[in-house]
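Student: Spelled out, the chains give:
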Amino acid sequence: MIHSRASRRAFRLLVPILLTGPVAPLTAFAATPEETGLKIAVEARERGTGFGSFTARQAMVLRNKQGQESRRQVRVKVLEVEDDGNKSMFVFDNPRDVKGTALLVHAHRNEADDQWLYLPALKRVKRISSSNRSGSFMGSEFAYEDMSAPEVEKFTYRYLRDEPCGDLTCTVTERLPTDRKSGYLRQIVWQDREELRTWKIEYYDRKDEHLKTLTLGGYQQFLDRFWQAGEMTMVNHLTGKSTVLTWTDFEFRTDLDERDFTKTGLKRAR
Amino acid sequence: MRLRTALERSALCAAVGFVLAAGAPAWGEGLERDLSGSFRLESRWFPESAAHSGQRTLASGFVAEPTVFLEDEEGRSFTLTPFLRYDSADSRRTHADLHEAYLLLFGDLGEGEWEARLGFDRVFWGVTELNHLVDIVNQTDLVEHPNEEAKLGQLMAHLTWFGDWGAAELFALPGHRERTFAGRHGRLRSGLVVDDDLVGYESGAEERHLDVAARYSHSFGPLDLGVSVFDGTSREPSLRPASFRPVLDANGNQVLDNEGAPILTPRSLAPWYPQIRQVGLDAQLTVESWLFKFEGIHRTGAFNAPNRRHPVGEKEDHAALAIGGEYTFYSVFESAADLGLLGEWSYDGRGRRSTDKFQDDVFLAARLALNDPESTEFVAGLVVDRDYSTRTLTVEWNRRLSDRWSVRAEAVAFLAADEADPVHVSRRDSFIALDFVYSY
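Protein chains in written order, with the numbering used here: chain F, 1 to 270; chain Y, 271 to 710.
Hints should not be assumed to be uniformly reliable.
[What the hints assert, rightly or not] Among the chain F residues that face chain Y by a calculated CB cut under 7 Å, a handful are: (1) Pro95; (2) Lys99; (3) Leu122; (4) Arg124; (5) Arg127; (6) Ser129; (7) Ser131; (8) Asn132; (9) Gly135; (10) Ser136; (11) Arg259.
[Said to hold, decoys possible] One-sided and incomplete, this derived list gives chain F residues near chain Y with beta-carbon spacing under 10 Å: (12) Gln68; (13) Arg71; (14) Val98; (15) His106; (16) Ala143; (17) Glu258; (18) Arg268; (19) Arg270.
No lab work stands behind these hints, which were simulated from the structure alone. It should be emphasised that the depicted structure is a prediction, and the values quoted were computed from it without experimental measurement. Even for Gly, the Cβ is constructed at its ideal location relative to N, Cα and C.
All chains, please: the whole structure from these sequences, using the hints.
Tutor: Given below as structure tokens:
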């Protein structure tokens with residue numbers, strides 16, 4: 001029969017926003033706000049390339065309006081792919097009824113991602129659709145599309161302004177998803193000028209209502225180059241629910257290779 | 271008897287292995303250990319009175335299925351999963367099995383990699399949801415559920431070689447597992463009980479025949495493809511009337527036929543396993559929210575259904591296919607819920623001579639996943655037989671109660687059962703099940 005228990009827990013590439021490198025004045029020479037916005041996005045992508053591979057753990061705390069909590073734990077493996085989206089694997093540890101369920105994602109820049117789900121109870125690998133952009137990831141306030149690395153090609157951009165954010169100065173950019181399946185009309189992104197780390201994203205739904213706000217913190221630098229947020233908090237303003245996503249146990253330049261990100265590798269994931 | 275000793279053997283293996291693994295000696299300092307699994311409390315209620323004598327109305331019990339996993343620093347691992355079910359109604363449904371007890375090894379081979387799984391394991395092949403035609407490595411644990419999805423562990427040497435060209439797998443399968451059948455007190459059985467003591471094989475090597483299988487699979491963009499071949503003892507037995515006894519009249523005298531010989535009637539069914547060869551093809555095309563699925567097999571050596579001229583059926587080569595599609599609507603009703611709709615058609619070229627209950631059946635199903643923190647989910651499915659007037663409805667609901675506990679309810683209703691359809695024997699076995707699952 002249809003299964004189901006785990007298939008809906010599929011989600012897209014959950015790559016942290018990795019940033020790096022020396023800083024160039026981004027706004028100085030661009031002519032229009034659209035060009036400046038795109039330039040920032042391209043620069044951010046370039047700073048995020050070259051990490052090779054990494055593994056990490058994710059813990060999520062889901063809170064409803066009454067303060068009731070539930071927890072999720074996932075182990076993540078990511079392999080960088082030249083000139084295409086990354087390959088990644090997610091192995092679920094908690095809740096316990098989905099323990100051992102694993103998801104393999106081959107992300108693509110210019111076409112739909114490929115996704116396979118491994119269901120340990122049946123020892124079955126299922127190819128699943130990657131069309132679920134706006135759905136909730138594991139019952140959290142993160143949608144699948146919030147979890148994926150924002151591919152430059154999948155948005156149009158408009159630079160809005162610079163403004164202080166904490167001790168830093170942030171550029172504020174508006175970006176519009178080009179994907180019709182996106183649940184958002186637009187997003188507003190705060191990135192510091194120094195390192196292009198993302199500190200806040202406001203999400204506006206298709207009716208242009210302010211639906212959610214993501215705040216990021218606990219940035220750590222890896223391999224002297226890559227910045228990674230340790231904590232991401234998503235608040236839903238319409239429902240009052242929130243999700244805190246914590247990243248730990250980062251390991252970069254692991255011995256992972258292409259073969260670990262195949263269907264055979266998926267059946268072996270634990 | 272054979273079955274029971276096999277089960278006792280595997281239960282003993284499991285117990286010994288479990289103790290060894292759980293208390294893993296310090297032979298590896300870097301040995302990683304993990305214990306997980308589930309414990310389920312299950313009950314089934316059959317509201318209709320039984321069709322066959324001895325059958326009970328209520329069946330409750332539990333299932334224990336722990337997994338011990340050991341892994342060394344090189345990634346070599348040993349996995350052990352014993353399985354135990356206790357059923358209050360049917361002693362034949364009370365059973366133990368060794369779902370997994372295998373050593374996993376791997377290494378480089380050319381540009382690719384090799385992998386070996388040695389021991390008891392389960393393997394799934396295929397893509398469709400109703401009828402798993404291609405899937406043949408493991409025996410069906412039929413007493414678990416009439417949907418035939420539960421499988422027994424199979425002893426195997428499973429070798430895989432894979433690279434960017436796909437995966438090639440070879441299986442050596444020594445030791446045949448017999449299909450499980452309900453006992454006299456159990457529901458979901460035929461009028462005659464299957465007697466495991468009377469098991470027969472076409473092969474002179476009987477259950478020790480070495481079966482072999484091979485499979486190649488790969489993904490070509492949106493297309494996932496698998497071709498497979500199996501040669502050996504059929505997993506599906508031919509069920510033959512056995513234990514003949516004279517028919518007695520009201521006074522206890524033997525009833526005689528025209529020639530004065532006593533008329534005999536069978537008291538049980540004997541499972542008989544022929545030697546078969548099966549080639550299979552499975553394919554899935556994934557396009558946006560659509561999944562298109564196909565499975566096809568060609569099988570030689572199997573027996574078709576018994577009829578008046580051939581009381582045990584006769585050998586008939588045949589082809590069968592299952593084809594279908596699935597579409598998912600995401601974020602329906604302005605909520606986080608997903609609604610999936612599925613349609614499949616399963617067809618067997620033997621028509622009414624088929625032994626497959628899905629010989630010409632259409633399956634329509636809907637799944638609503640709320641995507642809430644409790645992962646609440648509803649599934650409804652209807653199977654309509656196009657040859658017979660048989661219709662089966664399944665409704666399922668499940669929900670997480672906490673990190674560790676979840677609950678699942680299911681109703682299976684045989685809405686109409688055609689007298690000519692072999693599944694007619696289960697016509698009064700509609701049931702409602704309620705399970706509580708503890709995961710650790």
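Student: Quick one: which hint numbers does this structure break? Sort them smallest to largest.
Tutor: none
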